[in-house]
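Could you put together the complete structure from these sequences and hints?
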Amino acid sequence: MARFPGVDYLLIDSLLSEQEKMVRQTARQFVDEQVVPIIKDHFREGTFPKHLIPEMGRMGFFGANLTGYGCAEMSNVEYGLLMQEIERGDSGLRSFVSVQGALVMYPLLTYGSEEQKSKWLPKLQSGEAIGCFGLTEPMFGSNPAGMLTRAVKDGDSWILNGEKTWITNGSVADVAIVWARTEDGIRGFVVEAGTPGFSTSVLHGKLSMRASVTSSLAFTDCRVPGSAMLPGAKGLKAPLSCLSQARFGIGWGVIGAAMDCYETARQYTVTRKQFDDKPIAAHQLVQLKLADMITEITKAQLLAIHCGRLKDEGKLDPAHISMLKRNNVAIALDVARASRDLLGGNGIMEEYPLMRHLCNLETVKTYEGTDHIHALVIGERVTGVPAYK
Amino acid sequence: MKIIVAIKQVPTRDSQLNVADGGKWIEEDDLTFEINEPDAYALEEALQLKERDGEGEVIALCLGPSRATQTIREALAKGADRAIHIEEEQLEGLDTLGIAKLLAAAVKAENPDLILTGLQSDDFGYGQTGVVMAELLGIPHATIIMQVEKQGNAIKVKRELEDGWFQNMTIPLPALLTIQSGINKLRYATLMGIKKAKTKEIKTVTASDLGVPQGASATLDKVYMPQRTKQAVIFQGGDDPAKAAAQLVEKLKFEVRVI
Ligand SMILES: Cc1cc2nc3c(=O)[nH]c(=O)nc-3n(C[C@H](O)[C@H](O)[C@H](O)COP(=O)(O)OP(=O)(O)OC[C@H]3O[C@@H](n4cnc5c(N)ncnc54)[C@H](O)[C@@H]3O)c2cc1C
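These protein sequence lines map, in sequence, to chains A and B.
Using the working numbering, count along the first sequence one by one with no gaps and you end on 390.
Using the working numbering, count along the second sequence one by one with no gaps and you end on 239.
Derived from the structure by calculation, the hints contain no laboratory data.
Possibly wrong hints are sitting among the right ones.
[What the hints assert, rightly or not] Covered by chain B, according to a simulated footprint, are these stretches of chain A (three or more residues, beta-carbon under 8 Å):
| no. | stretch |
| --- | --- |
| 1 | 16 to 24 |
| 2 | 56 to 65 |
| 3 | 72 to 78 |
The structure displayed is predicted, hence computed values, not measured ones.
Glycine residues also receive a C-beta, built at the ideal position from the N, C-alpha and C atoms.
Take a look at the structure:
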C-alpha cells in the first residue's frame, strides 16, 4: 500500500496543531487504503463508490465541522484538511462529502425546524441517508436569481413545479434541499425521494467527475406539506450561505488534487531517464515546472490555512472565500496540466491519477461559482461596483 | 477486564535513516513517527476484547520521549480509555531489561487482568520486552499470538509456530500476550474519537516516580548501516552452458553452502 508522504515545502505543518495533524492523518490513511486502490475503476465505469459511505459516516466525515446531531464538531482548518485528503483521492468523492455536509446538513442545521433537524441530521451524519442540493436550473446557472422553479401555497401544503439540473447525488438522494421562488421570494424546501410529482434522471456522458452521480430533478405539481419549508431560509442569501460553506471546502480540497499530481510528477521525473541517461528531473525546463508547481501549491496552502483560521474566528466573508476558491482551483488545474505533461505519454493513462484529476478539476472550476463569477465578486469588493450584468 | 496495552513510537516505515553523530543512534530530527506496527494490532485486539465483553478498561502504556504523546493520543482517539506515559528521552540508553523493568513497575501499580504487547518493535527488534516483563511480574505469558478469546478466568490463545503450525493453549489470568501483526482489522481513528482523546487522561511518570533505578546491563555500542560488500561473479561457460551451470552448483554447494 503506497502511503502518501504529504507535500510541505515551507514547514507549513508547523502551523498545524497535533489534533489537526491527527485529523489529516486518519483521513489520509483512509484515502490511501480505501480510495486510491479503487477509484480509477469507478472513474472509468462512471460509478460512485457507494460502499465507502458507511465508513465515511462512522469516521465523522459528513458535516464534520457542524455541531450537534452526532457531528464531529471539527474546526474549519480540520474540516479543510479533511477535504484536502478526500479530494486527493478524487474530486467526485469530495463532492459527495461537500454536498452532504455543506449543502444539505448545513442548511438543515442553520435554517431547519427542530422536526426537520431531528428527522434528517442523524441519518445524514451517519451516511444512512444521502442528500442533494437543487439550485441550478437549465436556464439559470451562474445567475440563480433568475430561477423559474416555483412553489405555490395550496392550503396547508406547497405545490412545486420546475426543473433543476447538474445536481450532484440527485438520483441517489433520499432527501433534496430544493430552492424555489414563492410569493415572498426564494425559499428552501426539504423534499423526500419518492414524493409524487418528484422525479430524477441521471446525466450521462460526463467526461469529468465520472465517479460522482449528477442528475436532473423534475417537479410536476409536486405536493409537499407546509412543514417541508425551511423556516429560517429567506431569500437567495440562504442558498448562497450554503455555497460559501462548500466553496470553503473546495478551496482546500483542490490542494489535495494538486498535491497528488505534483507528487506523482516529482517522483516520476526523478526516475524516468532521457538524454545521456539523465533523469528528466535533471533538465532545467523540468525543474522550472516543478518549481512553479510547488510554489503555487505552497501559496494555496497558506491561503487556505489563513482562511480557515479566519473562519474559526468568524471573520471570513464570502468575498474572501471567492479568492480562496478561484485561486486554488486555478492553480490546481495548472498543476494537473503541468504534471500530466511531465509524465509524457504515461500522463494520459489511468494508472496515473493526473488525467482524472485534470478532468475533474474542470468541473470544480465551473461549479460553486465559476472562475469568472468569483473574479466579479472580488472585483465588486475592491471597486464597490458590481459588474455581473 | 482491565487490559494494558504497551505501545511504542517508532520511526515511520520506509523512513530514510541516517546514523547520528557519535554513531550511537539515528538522526531523529527529520523523521516522522508512528505506532509500532504489531502494537497497533495489540491495541485493536484489546479494544475488540473490551467491546466483546461489553465492559472493562483499556489503558495504553508507553515508554518514550515527550514526542510519543502524539502516538498516545492516537491510541486514545481509537478508543483506549486512558494512558500512562513513562517519559524517558533516550530509550536507546536502555536495554530490554531496563525497558521491561520500567513497564512492569507501571503495570504493577494498575493490577490489570491482561497485558498485551506487540511481538517486537520495528526499531530495536529485540522481541523480548513482553516476555521479560511477564517474568518480572511473575505472570504467565504466550508469544506470537494470532487469536485471543476470554474464557471465564482464563484466556484461550492461538500461537503461531513455524511452517504453518499453530498451538492452542489456555492460560490463567492475569497473563501477558505478545501479539502478531495482521491478526485483526485495524480501525481508523474517527474524528469524534480524535476530539474526545483530548479529554482523556494521560498520566506522565518518570523512572524515579516508579522507583526504578537507572542503568543498563547491556549498552548499545555502535549503530551503522549494513556494509555493502559487492561480489558479483560471472561464470563464463563460453558455448557450453552445462559447464557454467556446474561451476555455479559448485559455488553454491561449497562456498555459499545453500544447496
Ligand atoms: C458535475 C457538476 C455538479 C454540479 N452539482 C451541482 C449541485 O449539486 N447543485 C447545484 O445546484 N448545481 C450544481 N452544479 C451546477 C453548477 O453550479 C453550474 O454549472 C455553475 O453554476 C455554472 O452554471 P452553468 O453551467 O449554467 O454555466 P453558465 O452560467 O451558463 O456559464 C457559462 C460561462 O459563462 C460565464 N459567465 C456567465 N455569466 C457571466 C458573467 N456575468 N460575467 C462573466 N462570465 C459569465 C461563466 O463564467 C462560464 O464561463 C454542478 C455542475 C457540475 C458540472
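>> When the structure is checked against the list of hints, which entries are broken? Sort them ascending.
In response: Hint check: nothing fails, all pass.
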